[in-house]
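Here the structure of chain A is known, so what remains is to put chain B in place on it, guided by the hints.
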Amino acid sequence: MEKDAAGVPPGGSGTPLLAVDNLHVEFRLRDRTVRAVNGVTYSLAEGETLAILGESGSGKSVSAQAIMGILDSPPGFITEGTIRYRGEDMLGMEEEQRRKLRGRRISMVFQDALSSLNPVFRVGDQIGEMFRVHLGMSKKDSLVKAAELMDRVRIPSAKDRIRDYPHQFSGGMRQRVMIAMALALEPDIVIADEPTTALDVTVQAQIMRLLKDLQNEMSMGLILITHDLGVVADVADRIEVMYAGRVVEEADVEDIYAHPAHPYTEGLLLSIPRIDQKGQALRTIPGTPPNLANIPSGCTFHPRCHRARAICAVEEPALETVSMSRQSRCHFWPEVLDATQ
Amino acid sequence: MTEPFNPPPSDPQTEHDPPRAGGVGGAVTVGMAPDATLLTDASTAPGQTAEQQTSLTKEAWRDLRRNPLFIVAAAVVTLMILVAAFPRLFAGEEPGGATCPLGQSRLPPRAGHIFGNDLQGCDVYAKVIYGARPSIVIGIVVTIVTLFIGIVLGSISGFYGGWVDTILSRFTDVAFGFPFIVGAIVILTAFPQRSVWTVVIVLSALGWAGLVRIMRSSVFSAKSMDYVQAARALGATNSRIIIRHILPNAVTPVIVLATIGVGAIIGSEATLTFLGVGLQAPANSWGLSISQAQRYFIDSPHMLLFPALFLSTTVLAFIVLGDAVRDAFDPKLR
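Heads up: the protein sequence lines correspond to chains A and B, in order. FYI, in my numbering the residues of the first sequence are 661 to 1001. FYI, in my numbering the residues of the second sequence are 3 to 336.
So here's chain B without its partners, still in its complex pose:
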């Protein structure tokens, strides 16, 4: 039979590639390295979901850098992390012992002691600066631990499905249904000695369930993508499929959710400490300072106001940061 359909010899040059991005009118921001050729304006190819996915990270970053809320929140968060890491740079000697003359007990703010002194005569400014570390450490470590649990359990649950998923999901539901504050109080009161790490363990144990749920559904949808089936058809192992093909495409939502959660975790630590089941003196944290100051609020409000101001500013900064990141990464909100 003759060939009714005889294609010309293949000439790749006749196929038109989309312009290597970078030249697309106004699509690319300024100030990027040559690597910025990766950036493509998604609007040049409407309906191409993968294109949107790939450039999503870069577009999100572009959006974020233009968002004043993000800049302010990121600056506050960075400052707080610096304070937590190097308190000596900001407030000199750690308050305690000789640096806290009892004769200066509850003196109001004045030159040399801009935040005043607390009950023990310690400088409130120094206490607030040194009190940042437990709050920030708890916020960040708990987030990392819960994120890890969420990603691992969520991936296993979503990828394998079946009875594995059923068992893990029921387990998650139980953890999810546990009232957070009540659970934390019950567990923490069981520890006679409580350190930062006790609080980290308890908050982590109670905080992972939501992340597992999000990760599971995200892996579920990534699993049904064609490129996962293609990877399987080309002989990739299960672990390779999960790590290389599913995780990178499924992890964004949990990371965003975890970022928003940092502020809430710092708030929880302060709440628990204030209620007397978190950190204990002689430790120093914002929650502890607030708790000690509450009885003297009418006479010496500065003892409560300054730690509370730092606490709320930090929590707010983390939440705003998380919100900005979420907005930047959510295609439905753009």
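Just chain A, with the same shape it has in the complex:
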């Protein structure tokens, strides 16, 4: 599975694999406009794992769809910002050019493998479709490749199972099939949208390990979208915490777990159940995530923040630099950092 060198766009080693800058996405519904992503910025280097962490509705999946170019439009629109793959502007590309990147250079693993696999086709055909669509391979050759891949994602007796249908696989095996499809052409970037959410806890660990191993083998950039802090701690290099369509904190994984610099991250970390606090009530962040059609004034997190002051309701904090590789969108980040030292 060599990469076709001609297909890789130019870009020096200094150019990040993927650079998202000030991305804004909104959904124009009949009676209102929902601003799902508001100025998300990040970059991804080769071999790096970036975790995007956030509650449901924080805009993490939508930003991934925008990068893949599979946003349902209408109603979804990218209103501002740029997405660059190896320095090349993806939003300005012809649709056909983007389609060729999808699956080949930038790929995606979906949350629910059962509903993401077509129920009426054998899995071998579905994995093989990658080779047929992108490399124009014959059906027979593509099935051989599919069996190799299924072996590679450690599905036992792969040769026989290429003839099975998705419903004949267990949840974990199905997710392996999904991963095999996404990684078939050794893409540069894989976006995994909550890849383990639909799985049992024990299987979750195996799937994450598999993804991580394959990432190392192929030195891909991995964007891991999740709400599971446990998963993130194990595999991510960097973390972006999203809230109401904004990045509220960005940091290396060690820093964020040791000393969060935003009250939301602080709250998330405190609400992880801990074995040494048995018998005590679980800590939670009060309130619910904001309605994106009606985002609070000032700092979007202030209605739920235990450190909120008057200014928080009025002025939205900028994403301020805390240190070399970390940023926080809080007026009082030094205070948060101090409290968690």
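In short, the hints are calculated from the structure, not lab data. Honestly, I wouldn't trust all of these hints.
[Said to hold, decoys possible] BS3-like cross-link-like pairs, simulated, lysine-lysine; straight-line CA separation at most 27 angstroms:
#1 A:K799 / A:K819
#2 A:K819 / A:K872
#3 A:K819 / A:K800
#4 A:K799 / B:K60
#5 A:K799 / A:K760
#6 A:K760 / B:K60
Remember, it's a predicted structure, so these values are computed and weren't measured experimentally.
Quick look at chain B alone, frame taken from chain A:
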């Protein structure tokens, strides 16, 4: 930072696959080839919609084979298709000319002519057998043509949405609102010479709208499935998404509806012919025989009864067949 969450090396053997179906107690019918391992009892995994979808075809087939109504209807339909294809096997020479001695005009059923003779002295049995072909051909060809139109327009409308859908849907609404019989009479009277194909064209032109509507909504719901988005994210082209991922998952309802419609189309042909705007003599069809026989019904009822019996049996068989297929494929009725 140490890893608080260090998974064991992946060991796929620890993941439990559902038993390869076939071994599930009583879930699988007998007499299937090894390929029957594909069959899974949906009840072993409640709530797994895709599983139900995949095995739906097979389960439907299993249900159908146990349904006596289906067996009888399928047998009648098969017989009628054979009659239409090889009338010579059932009735010998085609009636007409020398085989119709005028001296035997309107003679009642008797040995050698079990259905009697018609006005021209032709054997009614032979006429009924040879009259099956236009009815069956019209029923099947019109169904295929309307199914094709329905699938193509419905898919385009449902997949692309937006202004394409708006235009196609309004167009469909107009066609749908056209009263069927009146429309057919108006168009058919405009043709001085009418053959089987004229009737096929007119019935097709008036019959596709309902199928487009069903197909459109079916594609709409298939389009929003995750596997369609997944296919798009992995770089499939639009045509590939429609043909491979949407169509196979959206086509069942229209096929079922079209099956039910075959009987109605055969009935429409007979109706139009009876009204004098369908097939014309010297052609031979059930509708035509009924039309010619009506004036002599009191004196020679056999001339009308036998074609009418064949017509109603065939229409009924197609409708029962369609109903049985619909019931077998509708998850809500199981």
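Against the structure, the hints:
Restraint check for K799 (chain A) and K819 (chain A): the C-alpha separation of about 15 angstroms stays at or below 27 angstroms, so the hint holds. Pair hint K819 (chain A) plus K872 (chain A) holds up; C-alpha atoms about 24 angstroms apart against a cutoff of 27 angstroms. Between the alpha carbons of K819 (chain A) and K800 (chain A) the distance comes to roughly 13 angstroms, so the proposed pair stays at or under 27 angstroms and holds. Proposed proximity of K799 (chain A) and K60 (chain B) is supported: the alpha carbons are some 25 angstroms apart, at most 27 angstroms.
As the CA atoms of K799 (chain A) and K760 (chain A) are separated by approximately 19 angstroms, the hinted pair is consistent with the 27 angstroms bound. Distance restraint check for K760 (chain A) and K60 (chain B): the Cα-Cα separation of roughly 37 angstroms exceeds the 27 angstroms cut-off, and the hinted pair is therefore not satisfied.
Consistency note: the structure conflicts with earlier hint 6 alone.
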